[in-house]
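Position chain B against the provided structure of chain A, taking the given hints into account.
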Amino acid sequence: MNVNYLFSLLVVVALFLFAWVGAGVWEMKYLFGVFIPYAAFITFAIGVIYRIVNWAQSPVPFRIPTTCGQAESLPWIKQNKIDNPSTLWGVIVRMLLEVLFFRSLFRNIKLEFNAGKRIAYEWEKWLWLAALAFHWSFLAVLVRHLRFFTEPVPFAIQMLEEMDSILQVGLPVIFLSGFALLAAATYLFVRRVVIPQVRYISLPADYFPLFLIMAIAATGMFMRYLTKVDIIRIKELTMGLVSLHPAIPDGVGTLFFVHLFLVCVLFAYFPFSKLMHSGGVLMSPTRNLANNNRAKRHVNPWNYPVKVHTYEEYENEFRDRMIEAGLPVDKKE
Amino acid sequence: MSDELKPDAFLSKINGCHHQSPITGWMDTPTDIRKGMYCYAANPKSVEYLSLPHAHSWNPMDDDWKLPDNWKEILHKGFKERLERFRSLKIFMDICVRCGACADKCHFFIGTGDPKNMPVLRAELLRSVYRNDFTTAGKILGRLNGARELTMDVLKEWWYYFFQCTECRRCSVFCPYGIDTAEITIMARELLNLIGLNIDWIATPVANCFRTGNHLGIQPHAFKDMLDFFVEDIEDITGVALEPSFNKKGADILFITPSGDVFADPGTYTCMGYLILFHYLKVKYGLEVTWSTYASEGGNFGFFTSHETMKRLNSKMYAEAKRLGVKWILGGECGHMWRVIHQYMDTMNGPADFLEVPVSPITGTRFENAASTKMVHIAEFTADLIKHNKLELDKSRNDGKIVTFHDSCNPARGMGLLDEPRYVIKETCNKFYEMPSNTIREQTFCCGSGSGLNAGENMELRLAGGLPRSNAVKYVHETHGVNMLACVCAIDRAALPTLMEYWVPGVEVTGLHELVANALILPGEKERDTDLRGEPLASMEGDDAE
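Residue numbers (this note's numbering), protein chains in the order written: chain A, 101 to 433; chain B, 683 to 1228.
For reference, chain A alone in the conformation it holds in the complex (with noise of 0.2 Å):
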């Protein structure tokens, strides 16, 4: 048993059951439904916002890209000029591959030792697929989950709601995103626990996201496709908070105010934890920065002067030597 992973789904649990009692049992559904919401909203923001301007704050004072490809060089060498970049397009490009596809994580590859002693490589793109499924699906759940707050529906979202249930054979209408989701997160929650230097490597804060996005989906599904909750009542609810006129209609179940609850917690952690990496890949030093080093100087806004040891002095040291090995000096004596 692992106490890191135990310990976040005792966590997970208890959230749960704190927003089952707390909206069902005693009744708060405002503070659920209204108070919660909003606190998790403006924390999200004010959070995300404070995050990236505090590393705005701290300046770039070396253009340090990690180079993957030939640099720009003679004119009749090609220049890799995507994992290369020495224009602003360059990067742009590259940053869009890095977050929309995670170009990086592409390129991971196993070791393996052959009978333990020849190292070899294996194909492993398994990480690679099952990031990718989480967040585009994650993201899809997302989009889809605005028409909820939008009346009428924008276009777009019945659109992507189309594609998502592309596999439609019957009613309930399915769509395929929750599922890749929660397989993609229950993916990644196996391989952290099978892994020994994945399980070694991770804490807490590792396993938390993952089970809290799990009881979402799954508490999301469940209401979708079993107990079949009332959506026009919670479209109410919804509307309201968007509008500003927040009121809870009768007839909500309790499922959706532990669902809007784990939603909330999400909000409200996202800031303080690694899923500002969503921002961070974006300032990443190594990948946002053009590798046109030595054609374009990259000011360090703090430089300050240094100590040096000046030719001065190191001929005053060693002037005579100099002298008698037939080395030209500056000044004879």
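Derived from the structure by calculation, the hints contain no laboratory data. Any given hint could be a false lead.
[Said to hold, decoys possible] Below, simulated DSS-like cross-link-like pairs (lysine-lysine); rule was C-alpha separation at most 25 Å, straight line: (1) K688(B) to K217(A); (2) K1077(B) to K966(B); (3) K178(A) to K821(B); (4) K178(A) to K1072(B); (5) K838(B) to K396(A); (6) K798(B) to K210(A); (7) K762(B) to K821(B); (8) K1072(B) to K181(A); (9) K798(B) to K821(B); (10) K1069(B) to K431(A); (11) K821(B) to K966(B).
Relative to chain A, chain B alone:
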């Protein structure tokens, strides 16, 4: 220890990287500072010479490291200062998700199996203290959030593991956020230097370099002597007498290269290669290239000490170029030297407005990629010469060499100098084979001795770190009969022969310009029957057989 432990036993010890992680969590696993894995503590005289903080005599094996009473305060303050100065540090402390993609990309993890050598965990050593000292969540949640206090044990762990990273950046290539362990190690070493905890293999070369202009402490007259000695050797082999220029005012180009190549084989042959090339360009095209005894070091071990120390040593390059009134600077083959020149020099010590945008007077090529820094890599320079047919080459003189190319970490991942050296090799050698694709170019494996870890006392660490590189060499050695490992780095030339001897006997190490000079036909030369090493040419051996 390497004398006792044979390669097979070494590999059994690593146990296929499927080693058991310790039963205790990494925070609860104490660091065992082991002989063979660490470098000796800095000589206080060297630290003092540079007026760096808290020079003192200490021994890593002792319990008491004789630190100043307020060492925790110094480190806390130093950490804070660096977070404010470097966005890279702040971001790299915050955004790691511990996906583990970097884990088996590190040559030290592969070669030691020690989980604290996984890049992610190496960084966590620092992050754990960062969370404790600088984040709200860390302060409240403590260990649950991966935070821990800085204690003497943690400090020792820092010292031990941040001097088991060669700052090669391979992990950074695979990290989805580009988290660069080199950057983290650089910061950690800066912090350790605040309380006088450097290693001697770095501190003493730095002090030497500050005083004499090069890491080895070669004084000006001796520097000239050593090159004159090569001149005699070259005359024996080629029959041509060279006259290299030193500290010459008004020369066209200032040439700077690591002093290691002046000092030890096989780098010396590369150095002879430079001399031969410059002589050729002088008699054929009238190009005057001067060496400098004041700026006689291309490498910069200051980079492994602190940003400030790096700047202090690097300042000599521009200062000397200005004093001599050259047009631009040409740099020799070296790894971290080129990371410093490419990514730091202009920012630290520029603008070099007293120099001209580098133009090769022989080919007319304008090196636009060096327009601001005004320093050109010799592989770029020579590739351009060969492309324009300006060098008369006899490739067959390298026929005895079946060559592969080791991309040095910094030119590969901190610059992108990949195809220039390959072009030069292919134009000077007939037999060239690449190592497997996961071990070259941006995915190249470190020699395991970079960033100042090229000492003798940490040989087990070096052999472990060099295992993945050697393994790839072994592959081409066995499949193509490769017997020559070419590289563009002086540390490689010092470190790889030891590795080859241990892991892949039968493979020698060469610099790029040794190959160039072997092939280059000097005006007025006698018929050569040996290469620069004095070994008979393959064509000559053929003659003997007939």
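Item to check | Non-conforming hints, listed in increasing numerical order | outcome: When the structure is compared with the hints, numbers 3, 5, 8, 10, 11 turn out to be violated.
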